[in-house]
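Peer 1: Residue strings, one per chain:
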Amino acid sequence: MTKHVKLPVTDGAPVFFLTEEEDAHGHHETGTMLGFWIYLMSDCLIFASLFAVHAVVGGSYAGGPAPVDLFDLDLVLVSTAALLISSITYGFAVIAMQQGNQRGTLAWLAATGVFGIVFIGMSLYEFLHLIHIGATPQVSAFLSSFFTLVGTHALHVTFGVIWLGVLLVQISQRGIGEANQRRVMCLSMFWHFLDLVWIVVFSFVYLIGVL
Amino acid sequence: MSAHSHDAAVHRHESGEAHGTVGGYVTGFLLSAILTVIPFWLVMSGALGSTTLTAIAVLGLGVAQIVVQMVYFLHMSRRSEGGWTLMAFVFTAIIIFIAVIGSIWVMNHLHDHMMPEMTAEDARALP
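Quick mapping for you: the protein sequence lines, in order, are chains Z and G.
Under our numbering, the residue at position 127 of the first sequence is numbered 127, and the numbers go up by one with no gaps.
Count along the second sequence starting at 1, add 211, and that's the number in our numbering.
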């Protein structure tokens, strides 16, 4: 390693790191979106293994309550609606951001957060209700996998809402610059991804569960 | 600032990356709402009668809604990120298929090998 590399010199000062070439549009291609997408795909695998567990042990009630005794489909329909509405309000936030409308972006993001909190509140209510009537994770393999699967999803939504709150502060303080746009787009993917996972949860765990 | 963000938006559009429209989101939302209400109605009213048929319908409608949301909300296409998002997704889908279908298959197969009617006394009486 004694070979001396000739450093590129910009404005009289040597540059010790690889500078990114700006493309013709003056826009950085950082690969952040692709990297975040690959994170989401790995998250998909976590959910896939939890779904596989539920598919295997979801019928093992061990003499305890079955889905048809426990699930209130009206409640599930309302929480599904809350999550779906939060998806479209997030979409409107992205559109407002791309139009450079900071106030609109903040308002739509806040609306998304409200519906996300409604969803979490309903999940918590359901869990507390189940525990109150004695359907705890210890009762059967079905309930263990149910609490793990739906709890993991609710935890993801909770972290999404926390991220949303942080973004609201960042945007209101620093505006919608390039960094904040990137963050909003990443959370957008995360948020829509959670709605996608929820489709599988309500179809497979709740609807097919009570059949 | 606004000029810069406009450049960025134009660029995103040209590279086929996420760039939604109000119409696109509303279409996706309405399709998703319909594809949510139908399976809930099928299960709550028992309109199809057969449990197997209802389960297949619920799964089919769920898959349809996933595709709708991937197109209208996640803006997935063959062009986004030079095709790498789709490539990563297809890879993940294959892994999920192997993990989920494989688990169900293997565990049911093992289950068939168990003797559910056997009691402790029966087991002791085995030759």
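What the hints contain is simulated information worked out from the structure, not anything from laboratory work.
By construction, the Cβ of each residue, glycine as well, lies at the ideal position given by its N, Cα and C atoms.
Mixed in with the good hints there might be a few duds.
Chain Z regions said to be covered by chain G (calculated; three or more residues, Cβ under 8 Å) [unchecked claim]:
1) 33-41
2) 45-57
3) 86-93
4) 112-119
5) 192-199
FRET-style restraints, in silico, Cβ to Cβ [unchecked claim]:
6) G:V317 / Z:Q138: 25 to 33 Å
7) Z:L211 / G:A244: 18 to 26 Å
8) Z:G175 / G:W316: 49 to 57 Å
9) G:A310 / Z:A62: 23 to 31 Å
10) Z:H132 / G:S288: 43 to 51 Å
11) G:G293 / Z:Y61: 42 to 50 Å
12) G:V278 / Z:F159: 32 to 40 Å
13) G:I312 / Z:G175: 44 to 52 Å
Cβ-to-Cβ under 10 Å is the rule here; a few derived chain Z residues that face chain G [to be verified]:
14) D69
15) L73
16) V76
17) L77
18) A81
19) Q98
20) I133
21) T136
22) V139
23) S188
24) F202
Peer 1: Are the hints correct? Go through all of them and say.
Peer 2: Against the structure, the hints come out as follows:
no. : hint                        : result
1   : 33-41                       : holds (count 5)
2   : 45-57                       : holds (count 8)
3   : 86-93                       : holds (count 4)
4   : 112-119                     : violated (count 0)
5   : 192-199                     : holds (count 5)
6   : G:V317 / Z:Q138: 25 to 33 Å : holds (26 Å)
7   : Z:L211 / G:A244: 18 to 26 Å : holds (22 Å)
8   : Z:G175 / G:W316: 49 to 57 Å : holds (53 Å)
9   : G:A310 / Z:A62: 23 to 31 Å  : holds (25 Å)
10  : Z:H132 / G:S288: 43 to 51 Å : holds (47 Å)
11  : G:G293 / Z:Y61: 42 to 50 Å  : holds (49 Å)
12  : G:V278 / Z:F159: 32 to 40 Å : violated (26 Å)
13  : G:I312 / Z:G175: 44 to 52 Å : holds (48 Å)
14  : D69                         : violated (15 Å)
15  : L73                         : holds (6 Å)
16  : V76                         : holds (8 Å)
17  : L77                         : holds (5 Å)
18  : A81                         : holds (8 Å)
19  : Q98                         : holds (5 Å)
20  : I133                        : violated (21 Å)
21  : T136                        : violated (24 Å)
22  : V139                        : violated (20 Å)
23  : S188                        : holds (7 Å)
24  : F202                        : holds (8 Å)
Hints 4, 12, 14, 20, 21, 22, counting from the list given before, are not met by this structure.
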